[in-house]
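So for the sequence shown, numbering that gives the first Met the number 0 puts the first residue at 0; every next one is plus one.
For the record, the hints were derived by calculation from the structure and aren't laboratory data.
Careful, some of the hints might be misleading.
In the DSS-like style, the derived pairs of lysine-lysine whose C-alpha atoms are separated by at most 25 Å in a straight line are [what the hints assert, rightly or not]:
id	residue 1	residue 2
1	Lys-25	Lys-89
2	Lys-76	Lys-39
3	Lys-38	Lys-96
4	Lys-96	Lys-65
5	Lys-72	Lys-38
6	Lys-100	Lys-72
7	Lys-39	Lys-100
8	Lys-38	Lys-7
Label-pair restraints from in silico Cβ distances [to be verified]:
id	residue 1	residue 2	range
9	Lys-7	Gly-114	14 to 24 Å
10	Asp-28	Gly-114	16 to 26 Å
11	Leu-31	Lys-85	15 to 25 Å
From the three backbone atoms N, C-alpha and C, an ideal C-beta is built for every residue, glycine too.
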Amino acid sequence: MMTDIRIKVVDVVGCKLCVSSEDGQKLYDRILENLFENKKVVLSFNGVTNLTSAFLNAAIGQLYSKFSEESIKTNLKVIDIEDDDKVILKRVVERAKDYFKNSYPYEKAVNNLIGGGND
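Start from the sequences, fold in the hints, and give me the full structure.
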């Protein structure tokens, strides 16, 4: 039987501002640790005043490199998140799913942009 674990984002980050990818990485590490231990994670954004896509990309987006969409839907629940932040989260998730399904076009575009346009 799976155990549910509640993670309060502000406790992991240490403040109400969830803006940096470094802080997102801290949250990702906590989520990952619990998912690998077969625990369902309930992620509470209660008290968060600022939330950016950089933070969410690091915290949640990169989960799609390790787990299937179905596994994430089943084992990760997000609660207490503002409606505006839900929109950002949805965008992050959609981009992450697209990227990890087929990263080649993204990597090619970046390489072309920085001048390494060789395939």
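Violations among the numbered hints: 9, 10
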